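Chains as they are written, first to last, in this note's numbering: chain E, 1 to 354; chain U, 1 to 354; chain H, 1 to 354; chain W, 1 to 354.
Warning: the hint list may mix true and false statements.
Put simply, identical chains are the same to the list, so a pair is met inside one copy or across any two.
Claimed, not checked - Simulated pairs of lysine to any residue, SDA-like, Cα-Cα distance not exceeding 25 Å:
#1 Lys124 / Gly111
#2 Lys41 / Gly132
#3 Lys168 / Asp92
#4 Lys168 / Glu229
#5 Lys168 / Leu224
#6 Lys124 / His88
#7 Lys5 / Thr159
#8 Lys124 / Asp92
#9 Lys335 / His28
#10 Lys41 / His134
#11 Lys41 / Thr91
#12 Lys168 / Thr154
#13 Lys5 / Lys335
#14 Lys5 / Val352
#15 Lys124 / Glu85
#16 Lys124 / Tyr313
#17 Lys124 / Arg314
#18 Lys5 / Gly281
#19 Lys41 / Leu20
#20 Lys41 / Ala129
#21 Lys41 / Leu31
#22 Lys124 / Ala113
No lab work stands behind these hints, which were simulated from the structure alone. Keep in mind that this is a model prediction, so the values were computed, not measured.
Protein chains: 4
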Amino acid sequence: MTTRKNFGSDNVTPMAPQILAALAAASHDPLHSYGDDPYTKRLGELLNEVFGREVIAYPVTTGTAANALALGTMTPPFGAVLCHETAHIVTDECGAPEFYTGGAKLIGIPGAAGKIRPADITEKVDFAAAMGVHHVVPASVSLTQATEWGTVYTVDELTALSAAAHAKGLTVHMDGARFANAVASLNATPAECTWRAGIDVLSFGATKNGAMAAEAVVFFEPSLAREFESRRKRAGHLWSKMRYLSAQLVAYLEHDLWLGHARHANRLAGLLSRELAALPGACLAAPTEANEVFIGLPDPLIGALEADGFEFYRWPAPPGHEGTVIRLVTSFDMKDEDVAAFIAAARRHAGVTG
Amino acid sequence: MTTRKNFGSDNVTPMAPQILAALAAASHDPLHSYGDDPYTKRLGELLNEVFGREVIAYPVTTGTAANALALGTMTPPFGAVLCHETAHIVTDECGAPEFYTGGAKLIGIPGAAGKIRPADITEKVDFAAAMGVHHVVPASVSLTQATEWGTVYTVDELTALSAAAHAKGLTVHMDGARFANAVASLNATPAECTWRAGIDVLSFGATKNGAMAAEAVVFFEPSLAREFESRRKRAGHLWSKMRYLSAQLVAYLEHDLWLGHARHANRLAGLLSRELAALPGACLAAPTEANEVFIGLPDPLIGALEADGFEFYRWPAPPGHEGTVIRLVTSFDMKDEDVAAFIAAARRHAGVTG
Amino acid sequence: MTTRKNFGSDNVTPMAPQILAALAAASHDPLHSYGDDPYTKRLGELLNEVFGREVIAYPVTTGTAANALALGTMTPPFGAVLCHETAHIVTDECGAPEFYTGGAKLIGIPGAAGKIRPADITEKVDFAAAMGVHHVVPASVSLTQATEWGTVYTVDELTALSAAAHAKGLTVHMDGARFANAVASLNATPAECTWRAGIDVLSFGATKNGAMAAEAVVFFEPSLAREFESRRKRAGHLWSKMRYLSAQLVAYLEHDLWLGHARHANRLAGLLSRELAALPGACLAAPTEANEVFIGLPDPLIGALEADGFEFYRWPAPPGHEGTVIRLVTSFDMKDEDVAAFIAAARRHAGVTG
Amino acid sequence: MTTRKNFGSDNVTPMAPQILAALAAASHDPLHSYGDDPYTKRLGELLNEVFGREVIAYPVTTGTAANALALGTMTPPFGAVLCHETAHIVTDECGAPEFYTGGAKLIGIPGAAGKIRPADITEKVDFAAAMGVHHVVPASVSLTQATEWGTVYTVDELTALSAAAHAKGLTVHMDGARFANAVASLNATPAECTWRAGIDVLSFGATKNGAMAAEAVVFFEPSLAREFESRRKRAGHLWSKMRYLSAQLVAYLEHDLWLGHARHANRLAGLLSRELAALPGACLAAPTEANEVFIGLPDPLIGALEADGFEFYRWPAPPGHEGTVIRLVTSFDMKDEDVAAFIAAARRHAGVTG
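One chain only, chain E, in its complex shape (with noise of 0.2 Å):
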């Protein structure tokens, strides 16, 4: 039997049975379109307890689509929202949060570890401020959840960058495609990693952490909330048949199946961080802490790797690091033994023994 050789991304994955279980249970009868059915109210529901408050969400397809129009709502056409400059807004989505906030623009701060500070906000705010009409006018902040880097920022951290932003008046927004990744390595409520910290509204992923295709997106703050449905419509991301969307979110939820999936991953990915580390010549990049491993290894051993058949990207390494970096992905779907045969592969290539 061969092992799984794939450590692309998270995103490689199928859906897990239980979801494809609840897209099966929702299949029969006609329903009422556009998300008056039972599945998404019970996805309402379900997201208030997770939460511990009433909150306002809205399932959609994608992350692109949940970051943009999230965005959308946030900041105004003659905007800018305030990021780390590895976001995946940034680097990744073709330009979709210039095309839902009608143009505003995307400040990318630089940062280690893939993570902004409170004194970022502050000062691209107050030069923005100085700059006067010829300047966008800051209007929110993106925090990635886990970041790029596969590191976690702190509740505190959340808490006091929330602060710096409210303090000028900015929403703040968090890109939680691995938002699950993330609570599971804080061992912190979701509502301690969320509103409790400031955040205003969050991208809730799913799709990397077992769903087909659903992400919700997750207002805090109701009054950002009102004008979401217009923009998702006039998005085409408003699904007749939402039962299809809200169903996957639901099974996602109940039981816990997102928490234990992230937890899954997370293990997976501590410990392929601890033992590639330990190789002679490794280097993190970044500390390891949600399901990404971001790692340093010498060129011959990253050649052997791919000889053998194993599946990863090279990443732009960080300022400071010499050499090759690069990503290993984990999933809820990954098995103990597809880890353990990347480890001693790579010790085996290493010269490593014992």
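Starting from the known structure of chain E, fit chains U, H and W onto it as the hints suggest.
Okay, now just chains U, H and W, sitting in the frame of chain E:
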């Protein structure tokens, strides 16, 4: 056993069992994301077969996305789309075409039975030219097939409309949310109904006719397709787990599932139409040529059917039509006895016996 | 000496000598740019006086910019502007409102003499509400004053229209490209014609009535103005040498130059209208209440006037009007003898003597 | 008699007397609007002469409009503009390029003395290609000439940059807000500085160098110009009384007024630069090659000059530069004694004698 009483829309339907089975069959192993998978490859082959030529096709989630993304590639921001004044893109998509084109204008044209005529196209383009730079530039025509009034453009009508559009340098889009019903109704090949008749881009609908959430934007004119992938990604309409979008469409096309579904729904609509039109005071608002019946009925009869629990919409009457018009929609999963029960109830309330 | 034969538009005029003198007077010394200059300050004071209250006003270059920027602040991308179907914003601005709103829809309403009625507003908003998320959200009303048919809304009409709009939560914009002509015609104060009648934002036109290129967007509702400066800058409509835009408007307002110009043009239009309407076969297409005459004339008469070298437009006839309609526009710089010459020629060609 | 103390910007200047005289000369008689006038015709002829070939040119009011409209025709919504990270389009136009392109991204590139290098272009395009559909598509390059640091690209540098852009299929825009200063500095023909060096579209600035409010967008590549007229109208940048926009530019070009102005301003900047650089503790932040001086001076000296009433901006220091940098701008209307007075004051405060 109760019969189905919902005649409100074909989007209240669940997915067909074959589509669900296809999702299940695709739910194993890691696969490359974003369309580099065997299901998406197979879909391309199938569409080539169905249309009898090489086409370039992109799956998306909703009909609104399909239409708006297609029109976005066909129409510049300073342009105009010519279409029937009751077209779904005008009335029901919350400005999606405006959003995706960057602010182009939809020019709605009146016309009997939901159809526009070639002379309308010529006239609108000539008027725009006479107005010069002050007028938006007509760039595309969008034809709804089957139309919003349940009628079907003949192949000759389509050919004449496309010729009028092409003569003025406009490209032609077909909104085929109910394309299957139109093809089944025309008893022509998909090629004859589209590119052979001059259609450049087709929104190939599947959701209303058995899929969960899947449409394909089919380009017959390859040069128009070039930018589609960027536009789709940027709109958040590129699924990472694309296999699940493509697998739906593969199952929809295989063994002509789509045409079987459409023939069934069309037959039931024809039955409903004939029987209801025979009632005293009934008057069809448009010929029933696909799976929708638009009929004027006496108000007491409509009220009695509603009181029975039947669901359907009251519709704005077309010019020249007196009284209240209702819309009844049949679908792939509707049974003969569902329709028989509606007819029986209508006859009973109308006092018709025998 | 020849008389002026161009009755085509009031935008064929040069600037008034007083405006030119103001440009010359402002042409000395360095001054702070972007509006931090004494001319812009003086303009603000003058507009407060003219409107009898504190207003927030921004000069821009063209009427299209004024209208589109105003509507952009009043209407979200998923919104709609209600207006007459012949409004300049619908027919002559190449989609500028769509561009500036980010893709909102203009909903054109028919109506005699270029006017819409309060019931139209209520009906369109109620229809949109019934359609729910599928319909764009009516957010603003735009009234053209004087109208596109040379008529003028009375103060009572304006008040009723604004009340209908406000009752539904819409804001009210006035396209005042010919605002001076309307005020002169109504013999009311600028305040009575605008904010006292419920107008929230006014495009205060000056270009057609004597300026070189200057309009002011006047906000009576301060909260709407907040973002205007960012939108204007971002559109490239903030002059660095703002003094020259403001100086035009200062000269336009000082000594009631604007009203004097408008009274003159209105008087000439009235004269033209009365004399032409008395010709055999003549029929006014709308009452002449400002500086435009819309009149149906026998084709041979029209042809003879054109052959004489007179310039004017043939206009699409309003519903119910037979024959060819022409538009004649008078302006601040037109002389009595220019009009007399036109009338004399028309009488001569019509065979009228005495 | 006092000398002029405002060195803040060249946009604080009034218009030149020749420009004012041109406005006066154009102020008579009705003329056809929207550019069908002799001044606009004459402008076309003059630009052909100046550039030594047939060009297609459109006057607009502001530099922001010129740049953003040009980039809008060159860059699709899903595209990217490559430019220096300090480019005016990035820092000072409140997102105008994003607005006019429909949401394209500006990719700011660092580089000494305000210049980018050909390798930057190649690298950014290759990176985008490697990222595939997730990355915006580089479509155009914008070069600022003179640069934002008062330097001037040589003809060879321009040629190499254009070649790198064209090799990758990108078009090249030149932001020539200070184009006259650059041409005067290079001692080359306008043709050599633009289309012969591969520039496709030029924002030909006049406002800072003597006009009231006028720039021309000059297309050397005719196919790019096709849609410009629609875009300009739709943006509200088409003057009805176009004569007044064109007449400014005609006067600006006739008798080489533009080059005379620029040579004068450049000479004064050179003088200022040489004398200030000789002061103790002074350090030029970039070579002075046009009409702007960027120089680091001791803080007490800067403070003393401000206390004297001189106006100028403190500027963000470039990488590697210690201490406070100020910007001094000279202009066509500045006198030798104005500059001499500044130098004298600086020398006095610096304790330099003789």
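Practice task
If the cutoff is 25 Å on CA atoms, where do Lys5 and Thr159 land: within, between, both or neither? Let me know, please.
Solution key: neither (39 Å within a copy, 48 Å between copies)
Problem - Same-copy or cross-copy closeness of Lys168 to Asp92 [CA-CA at most 25 Å] - result: Between copies, since 21 Å is at most 25 Å while 28 Å is not.
Practice task
At 25 Å max between alpha carbons, let me know whether Lys168 reaches Leu224 within a copy, between copies, both or neither.
Solution key: both (17 Å within a copy, 21 Å between copies)
Exercise for the section: Up to 25 Å between alpha-carbons, please classify Lys5 paired with Val352: within, between, both or neither. Expected result: Classified as within; 21 Å inside a copy, 70 Å across copies.
Handout entry: Intra/inter-copy verdict for Lys168 and Thr154 if alpha-carbon distance must be at most 25 Å
Key = For Lys168 and Thr154, the Cα distance is within 25 Å only inside one copy (22 Å; across copies 44 Å).
Problem - Same-copy or cross-copy closeness of Lys335 to His28 [CA-CA at most 25 Å] - result: For Lys335 and His28, the Cα distance is within 25 Å only across copies (14 Å; inside one copy 34 Å).
Practice task
Have a look at Lys41 and Leu31 and pick one of within, between, both or neither, based on CA distance no larger than 25 Å.
Solution key: within (13 Å within a copy, 33 Å between copies)
Problem - Lys124 and Ala113: within-copy, between-copy, both or neither at 25 Å Cα - result: both (20 Å within a copy, 24 Å between copies)
Problem - Up to 25 Å CA-CA - His134 versus Lys41, copy category - result: Answer is between; shortest inter-copy Cα gap is 20 Å, intra-copy 46 Å.
Exercise for the section: If the cutoff is 25 Å on CA atoms, where do Lys41 and Leu20 land: within, between, both or neither? Let me know, please. Expected result: This pair counts as both: shortest intra-copy Cα distance 19 Å, inter-copy 23 Å.
Problem - Alpha-carbon proximity between Lys41 and Gly132, which holds within one copy, between copies, both or neither at 25 Å - result: Answer is between: at 18 Å across copies they meet the 25 Å cutoff, but 46 Å inside does not.
Exercise for the section: Give the relationship of Lys124 and His88 under a CA distance limit of 25 Å: within one copy only, between copies only, both, or neither. Expected result: both (20 Å within a copy, 18 Å between copies)
In the structure shown, a violation is registered for the earlier hints numbered 7, 11, in ascending order.
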